[in-house]
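Residue numbers (our numbering), protein chains in the order written: chain A, 1332 to 1512; chain C, -11 to 81.
Heads up, some of the hints might be wrong.
What the hints assert, rightly or not - Quick partial rundown of chain C residues pointing at chain A, CB under 7 Å, derived from the structure:
| hint | residue |
| --- | --- |
| 1 | LEU(-2) |
| 2 | GLY47 |
| 3 | ASP48 |
| 4 | ARG49 |
| 5 | VAL53 |
To be verified - Per the computed footprint, the stretches of chain C lying under chain A, defined by three or more beta-carbons under 8 Å from a beta-carbon of chain A, are:
| hint | region |
| --- | --- |
| 6 | 0 to 14 |
| 7 | 29 to 36 |
I should point out that these hints are in silico values taken from the structure, not numbers from a laboratory.
Here a beta-carbon is modelled for each residue, glycine too, at the ideal position from N, C-alpha and C.
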Amino acid sequence: MTDLSPLCALGATAPRRVTHGALTLAETPDCGLASLALRTGTPPPSLPLPEPGRWHETDGLTAFWTGPGQWLVEMPGCAEVDAAAMLGERAPGASVTEQTDGWVLFEISSTGGAEPIERFLERAVNLDLTRFAPGHATRSTIEHLGTYVLRRAEDRLGIWGMRSAAESLWHALETIAGRQG
Amino acid sequence: MLIPHPLLGLRDAQEFTYLGDARLIERPTSGDEAELADYVFQRDNPAGLHRELWFHEQGDRSWLVVTRNTLTHEILGAELARDVSLARKEGTA
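Isolated chain C, as found in the complex (with noise of 0.2 Å):
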């Protein structure tokens, strides 16, 4: 499997290592404990497209966030979390 690293071009799967749900970037800062436990506990299990965190550890260590369809293996894009965490902190600002 190759991953499109957004710098470094097509990669091979074995340089990354698998973290899980992107959404653990939106981590709540409300201070509510059952959203708290939801970020914590509750995860999507999605059939199809799902975007998931990577990490190029055998590579140049950043944190990726990919697009990969569960029932194919395709991967369908891959962005820097750093730059989606940016953006996602510019909308909300």
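Chain A on its own, in the form it takes in the complex (with noise of 0.2 Å):
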């Protein structure tokens, strides 16, 4: 039988994890993700679903809105069972899609409040902050990889990049926050 060993997407058994000043760094590899689009005449899901450039939580499940009519969903703890399956329960006739396998989640959270992550934001990534505040949700470039950033809490953001360039993703935040470390 053939004996399979599951790995992060950064390569090894353990999640990665590193500290730099006041920012900390974590892999989130137990997180599932599932897209959803609405079609036209679905009845509107038994979920929440926030305007355009938002997240919304709702029963532990985070949405956050990717374009016209779409959203992901994260599902924390649905990493290993089929997360499409259970989000499809909550929106019948939608289009739901399992998204888990090709993605990978990092937080990044701050000791130091607000302002660690606000500097870290300015050198990461091209947005407003002025209109980025916690609630705040959007897809855009790092280092030219395509992600999404979720302003979680004034001192802690989520990034989702793609799972085959985890570790250029992973590269450029730790670089950026040890610079500023």
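Given two chains presented individually in distinct reference frames, assemble the corresponding complex, making use of the accompanying hints.
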């Protein structure tokens, strides 16, 4: 029988975690992800869906807007189960697709309040920080890599990137954090 | 350069890719070959206001119709191409 060893996106059996000054970067492999797109005439799902540029949490599930009529839904602890099927039950008639395996989630937290996170964002991504308070989520580029950036709180960020480029994205994020640490 | 996205506010132009004249939305349906040839090959090259299609490739992947001054690169407005196309269909229906 084939003996398979599950690995995290960065190639180790345990998720990577590093601290530079006030900022801690943590690979977060246990979060499931599924996309949700409403079709014309679909009944509204039993999950409040956020406006453009925002995220919204309900019952531990965080939905964030990705395009007109489209969202991604984070499902913590659901990386090893059928996340799409669970989401599909709450959104009958909508198009739901499993996304967990294509993405990697890095959580960034600050022990120094909002200021280190905002300095980090200024260097990482070309967004208007006056329009990126907690509750906002958007797609943009970090070092030419497409990412979803979620401002979870004043002192916390979530960054989803391509799993196939996990090491490149981690390198970019850790370099930025290291320079300001 | 910043583009005023109708849903997301001011966004950096590096998130977008440029397609060209917004009249590409107005594909002729009459079947007339000369008209189709004009649609495919003929473009105005105005010095001044120009309506053009931009794709928010590194953002929400929406198509926008952006009005730009080709002399100054000033961006005067942006609308969702979907809205422009739907309004046009309603106008001709």
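Outcome of the hint check:
| no. | hint | result |
| --- | --- | --- |
| 1 | LEU(-2) | holds (6 Å) |
| 2 | GLY47 | holds (5 Å) |
| 3 | ASP48 | holds (4 Å) |
| 4 | ARG49 | holds (5 Å) |
| 5 | VAL53 | violated (15 Å) |
| 6 | 0 to 14 | holds (count 3) |
| 7 | 29 to 36 | violated (count 0) |
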